[in-house]
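Asks: Read off the chains here:
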Amino acid sequence: MANLGVADTPRTTSGGQGRIRRALSAREAGVFVALILMCAFLAVSTDAFLSSRNLLNVGRQISLLGIMAVGMTFVLIAAEVDLSVGSTYALSGLMTGILIVQQWALLPAILVGLALGGLVGFLNGVLSTYGKLPSFITTLGMMSIVRGVALLITNGEPVTVNASSGANGDTLSQFFWIGQGSLFGQIPMQLVFFIVIAFLGWIVLSFTTFGFRVYAVGGGLKAARVSGIKVFSVKIWAFIIMGVLSGLAGILSLAFLPSGQAGRTGVGLELDVIAATIVGGASLSGGEGTMLGTILGVLIIGVLRNGLILLGISPFWQTTIIGLVIIVAVAIDKWTTSRRAG
Amino acid sequence: MAQPPIIELHGITKRFPGVLALDNVSFSVYPGEVHAVLGENGAGKSTLMNILAGDLQPDSGTIVYQGREQVIPSPLVAQRLGISVVYQELALCNNLTVAENISLSLVANRSALSFVRRGQFADHAREVMKRLGLSNVDPRQSVGKLSVAQQQMVEIAKALSMKATVLILDEPNSALTIEETDHLFTVLRQLQADGVAIIYVSHRLEEVVQIADRITVMRDGRHIDTKPNDDSVTVESLITKMVGRSITHFRRHARPSGGESQPALEVEQLRSGSIRGVSFRIHRGEIVGIAGLPDSGKDELVECIFGLRPSEGAVRVNGVVAPIKSPVAAINAGLALIPADRRGAGAMLVMSVEENTVVSSLKAVSRLGMLRRPAMRDLTRTYVKKLDTRIASQRQKMWTLSGGNQQKVILGRGLATEPSILLLHEPTRGIDVGAKAEIYDILQRLAKDGVTILIVSSELPELISQCDRILVMHQGRLTGHFDHDEANEEAILACAMGQATHRAVAQT
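Protein sequence lines, in the order shown, are assigned to chains H and Z.
Under this note's numbering, the letters of the first sequence match residues 1 to 342, in that order.
Under this note's numbering, the letters of the second sequence match residues 1 to 508, in that order.
So here's chain H without its partners, still in its complex pose (with noise of 0.2 Å):
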């Protein structure tokens, strides 16, 4: 307020359409080209690197975190966040699990998997919305207790998938080949899922009505009430599609690792997704944010934990880097960028 407001601010002058144009584009353009010095460095620094095995390898690691984090971009551009998706991702995954091993077919058993994801998100949704909740609180308790309805589903014991535990052997392969197969005997089905959901998540926001009147919300939840969007049911579809996308991600983890415990699987995962998200340009404070500045965020996740690896640097300074490049990320734009004042 005490800086220069923006009502008088002075004339923009014709030379400024250059400026916000680059601007608009700046996040994006600054995550591709750490993306491209990274990999060049580690092409360069590594034999391993540029084989087309350990990309493909890259590529089904960060599919699961991409995949939430497609789901992820909706909330945050929303203006809300949900920190219930590591619980989620536990609760379908063993649910699916579950009803796999008692002889369901495979389909209705990822189908009860992935309703149920929703059904977390319509709770997340409804409470944050006409509960009048900061979803930061609703989505906080909601991670604990998605977690314990888990614990208690499964009594705490581990979920093994496979022939012994009793699942139909048809079912079974089939799980399997969902989480483990690969398309044209080289790309991990699971890269497969991410490249889909990322294809749509970006259709859906950047060319439908809904994907503007998300941003619209975010951009300023009164102004889009006014201007005729039905702001809650917005919101709650954002937090349906999370919790959807939560459960897939869930049930293929289950599928390429046939074997989760209700204390253990997807712990703190969801700081991950979001950490993704806002690497790639998403704002807490909504309204901003891209599906391509996600799927970005996500390589540069993926590719800087492969190249640590591959670098023989020890796990614990992983943890440590990727803490530094979110803030980094963020700096960066926040001060390079001129934004509002106030």
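Hints listed in this document are in silico derivations from the structure and should not be mistaken for laboratory results.
The reader is advised that the hints may include incorrect statements.
Facing chain H, according to a computed beta carbon distance under 7 Å, are these residues of chain Z, among others [unchecked claim]:
1) Leu104
2) Ile331
3) Pro339
4) Ala345
5) Met348
6) Ser366
7) Leu368
Idealized CB from N, CA, C, for every residue including glycine.
Given chain H, put chain Z in place with the hints provided.
Replies: Here is chain Z on its own, set in the frame of chain H:
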């Protein structure tokens, strides 16, 4: 002025990337004067005030304060020198009490570990408040519960408690009623008598003419003129100086009255909270204003009509009962609202001009839920052109626009839904004179084209110059009903304050 000036500005220049915000500005301010600084948005007045407050440093030029050349490197130094600023957007801690807010400055300069003596706060606060005639405010009340006017007084009290010798008021009255403004002026007169120099930045020219001793006009970063406020100064002459050309169309175009046709908007026995039964009708192509003090219910009324607030009673649009329970229903019934809080409820600041324009017309610019970019562009271009909105690009973010241009974009958003009834809530609050005149022009044109317009405003000159009829509210009821020809500020004010009624029963 026999005394030497308290502040002399010599050749102050300030450059921002791409813009010369202040270009060699020089003038002086004397103790005990109310010195108005006028100019359109972008004229450089806020930049200048920020320099005096220590928030910005000039690129060149000097400030002479109390006869000595002075650098003001920070707001804290400005405060110590005795320069206090009351900003338009109030900077109070809503969770603290009145006394605590007023005494904050006593705490700010102490070490973090020193003890706070609340009793001392209350005494100190009471003393300052007494000087301001703020006897009706309890110093122990938390600031968040006060009215905007009272908060403003607390701000001024805070400034005084810092022993201000120069008090800068930046748009002090954009949220005040006439009554409250009168009180503010009384207080300013007192301070003036005590020798405080008051720099008064405002858009409300009528009031500037009323309160100022001298008037400085700025335009495009340059100092245009500093003159005593004598009989030769009129609102029109000030506007001409501010804009650099004369604006004549502040007056409404003569139009034949509504006639016998079916009313476009009928409100019958509307009740909600403080609104206790309001009925009126507006005919097609009419401009009707609603005046009233802040607690009159006029602000709630427009929110009820647009479905932002639950209410009882009937609203009929073109003869059809419209059960308006939400803004979505209102828009579907053919209503559009330009909200009062432009930055909060109007503009989506981080989004583009294009996105802000089409947001209410998504159905028109999409097919099967998919946005059609060309349609979005065309719709935006149409309304940018129609309203002569000054933008560099449709992709430009809303926060980069001036208030007047933001308002035009929001108006364009409303018009893009092709409403039969346009509701405007404080349509020109905080907008410079040039843009204001343009918006009035647009409203008159729309009315001519058959759009029915309801303006709810605190600015009586605005209502009197623009409306065919003015309704006045007091304590949730209509107390006055004026045709254009019989409307004048005194009579409207008397109804607004509940001291008179005027044809209130005959509600056509």
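Asks: Work down the list of hints and note, for each, if the structure agrees.
Replies: For each hint, the structure was consulted:
no.	hint	in the structure
1	Leu104	15 Å, violated
2	Ile331	4 Å, holds
3	Pro339	5 Å, holds
4	Ala345	4 Å, holds
5	Met348	4 Å, holds
6	Ser366	5 Å, holds
7	Leu368	9 Å, violated
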